[in-house]
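**Q** Chain by chain, the residues run as shown.
2 protein chains.
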Amino acid sequence: MTNSTRNELSFEPDLLLINAALVVVSGKWRLYIILILGEQTLRYSQLSERLPGVSEKVLASELKALVGLGVMKREAFAEIPPRVEYTLTERGRLALPILRQIQQLGQIFN
Amino acid sequence: MTNSTRNELSFEPDLLLINAALVVVSGKWRLYIILILGEQTLRYSQLSERLPGVSEKVLASELKALVGLGVMKREAFAEIPPRVEYTLTERGRLALPILRQIQQLGQIFN
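Those protein sequence lines, which keep their order, are chains A and B. So for the first sequence, my numbering puts the first residue at 31; every next one is plus one. So for the second sequence, my numbering puts the first residue at 31; every next one is plus one.
What the hints contain is simulated information worked out from the structure, not anything from laboratory work. Each residue gets a CB set at the ideal place from its N, CA and C atoms; glycine is no exception. Some hints here could point you the wrong way.
[To be verified] Chain B side only, calculated, beta carbon under 10 Å to chain A, not exhaustive:
#	residue
1	Phe41
2	Glu42
3	Leu45
4	Asn49
5	Leu52
6	Lys58
7	Ile63
8	Val101
9	Leu129
10	Gln133
11	Ile138
[Said to hold, decoys possible] Taking lysine-lysine pairs in the DSS-like style, the calculated list, with each CA pair at most 30 Å apart, reads:
#	chain 1	residue 1	chain 2	residue 2
12	A	Lys87	B	Lys58
13	A	Lys58	A	Lys103
14	A	Lys103	A	Lys87
15	A	Lys58	A	Lys87
16	A	Lys94	B	Lys58
17	B	Lys94	B	Lys58
18	B	Lys103	A	Lys58
19	B	Lys87	B	Lys103
20	A	Lys58	B	Lys94
21	B	Lys58	A	Lys58
22	B	Lys58	B	Lys87
23	A	Lys103	B	Lys58
24	B	Lys58	B	Lys103
25	A	Lys58	B	Lys87
26	A	Lys94	A	Lys58
[What the hints assert, rightly or not] Chain A residues, not near chain B, derived (Cβ > 12 Å throughout):
#	residue
27	Ala108
28	Pro112
29	Glu115
30	Thr117
The whole structure should be built from the sequences, with the hints applied where relevant.
**A** In structure tokens form, the structure reads like this:
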């Protein structure tokens, strides 16, 4: 049976996959950060401006985690002043349509 | 501008919607419980069997939260022995395709 046929007939919940997905989106800021970067590449300072309620420490830690998970990449340019930019990876961009749908889920339960 | 046109042109991340969505799926078991109920209505004992690693206390609390969020409903039947069944609500069923996609997200980042 192909995967797609199987999907239609019976969808098998898989705890490992669920947890791999939730690590990417859980927490107050991760999904928001990813969706912002889905619109455009941003410098650290621009990201920080879009997240006024988030401390530097929390933002730095969330960005590091998302880079580690392979959702986005960090590029540092040797300029004066130094420039650091964040961009979605290919996998991050692949996930973007689903990630945007999670926000739509909020409309159902809001 | 219609909603769908707006969506295509620029997707606006919305922290309130994101958080309303994350409450439904966050935690180790919520999404798994919802996906199991997406297949069929289950008695409490059947749910409990599908979640062998979860304590009665945690399961009861997660079920109560999901009922409170409007994702599923609890029906108690006055039989001997008493029967309690959990079923997705209409909203829960509406959300199901997106919730299943979250699991697919796990395949991208696994």
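**Q** Now look at each hint and say whether the structure bears it out.
**A** Against the structure, the hints:
For B:Phe41, the suggested interface contact is upheld, since its CB lies about 6 Å from the closest CB of chain A, less than 10 Å. Checking B:Glu42 against chain A: minimum C-beta separation of about 9 Å stays under 10 Å; hint holds. The closest approach between the C-beta of B:Leu45 and any C-beta of chain A is roughly 6 Å, which is under the 10 Å cut-off, so the hint is satisfied. A least Cβ separation of about 7 Å between B:Asn49 and chain A falls short of the 10 Å threshold, and the interface hint therefore holds.
Contact between B:Leu52 and chain A, as hinted, is supported at the beta carbon level, the nearest pair being about 7 Å apart and thus within 10 Å. A cut of 10 Å between beta carbons decides the hint on B:Lys58: the least distance to chain A is about 7 Å, and the hint holds. For the restraint placing B:Ile63 at the interface with chain A, the shortest Cβ-Cβ distance is roughly 9 Å, inside the 10 Å limit, so the hint holds. Look at B:Val101: its Cβ gets to within about 7 Å of chain A, closer than 10 Å, so that hint holds up.
Look at B:Leu129: its Cβ gets to within about 7 Å of chain A, closer than 10 Å, so that hint holds up. This hint holds: B:Gln133 has a C-beta 5 Å from the nearest C-beta of chain A, less than the 10 Å allowed. For the restraint placing B:Ile138 at the interface with chain A, the shortest Cβ-Cβ distance is roughly 5 Å, inside the 10 Å limit, so the hint holds. For the hint linking A:Lys87 to B:Lys58, the alpha-carbon distance of about 26 Å falls within 30 Å, and the restraint holds.
The hinted pair formed by A:Lys58 and A:Lys103 meets the criterion: a straight-line CA distance of about 20 Å does not exceed 30 Å. A hinted pair counts as satisfied when its Cα atoms are at most 30 Å apart, and A:Lys103 with A:Lys87 qualifies at roughly 18 Å. Between A:Lys58 and A:Lys87 the CA atoms are separated by roughly 14 Å; this keeps the pair inside 30 Å, and the hint holds. With a C-alpha separation of about 23 Å, the suggested pair A:Lys94 and B:Lys58 falls inside the 30 Å cut-off, and the hint holds.
The suggested pairing of B:Lys94 with B:Lys58 holds, with an alpha-carbon distance near 15 Å, which does not exceed 30 Å. For the hint linking B:Lys103 to A:Lys58, the alpha-carbon distance of about 27 Å falls within 30 Å, and the restraint holds. About 18 Å separates the Cα atoms of B:Lys87 and B:Lys103, which keeps this hinted pair within 30 Å; it holds. The hinted pair formed by A:Lys58 and B:Lys94 meets the criterion: a straight-line CA distance of about 23 Å does not exceed 30 Å.
Restraint check: the Cα-Cα separation between B:Lys58 and A:Lys58 comes to about 16 Å, which is no more than 30 Å; the hinted pair holds. This hinted pair checks out: B:Lys58 and B:Lys87 have alpha carbons roughly 14 Å apart, not beyond 30 Å. Straight-line distance between C-alpha atoms of A:Lys103 and B:Lys58 comes to about 27 Å, which keeps the hinted pair within the 30 Å bound. In summary, the hint linking B:Lys58 to B:Lys103 is supported, as the alpha carbons are separated by about 20 Å, within the 30 Å threshold.
The suggested pairing of A:Lys58 with B:Lys87 holds, with an alpha-carbon distance near 26 Å, which does not exceed 30 Å. For a cut-off of 30 Å, the pair hint linking A:Lys94 to A:Lys58 stands: about 15 Å separates their Cα positions. Annotated as non-interface, A:Ala108 keeps its C-beta farther than 12 Å from every C-beta of chain B; the closest such distance is 31 Å. Chain B leaves A:Pro112 outside its interface by the beta-carbon criterion, the shortest separation being 27 Å against a cut-off of 12 Å.
Listed as a non-interface residue, A:Glu115 keeps its Cβ farther than 12 Å from every Cβ of chain B; the least gap is roughly 18 Å. Under the 12 Å C-beta cut-off, the non-interface status given to A:Thr117 relative to chain B holds; the minimum distance is some 16 Å.
Checked against the numbered hints listed earlier, the structure breaks none of them; every hint is satisfied.
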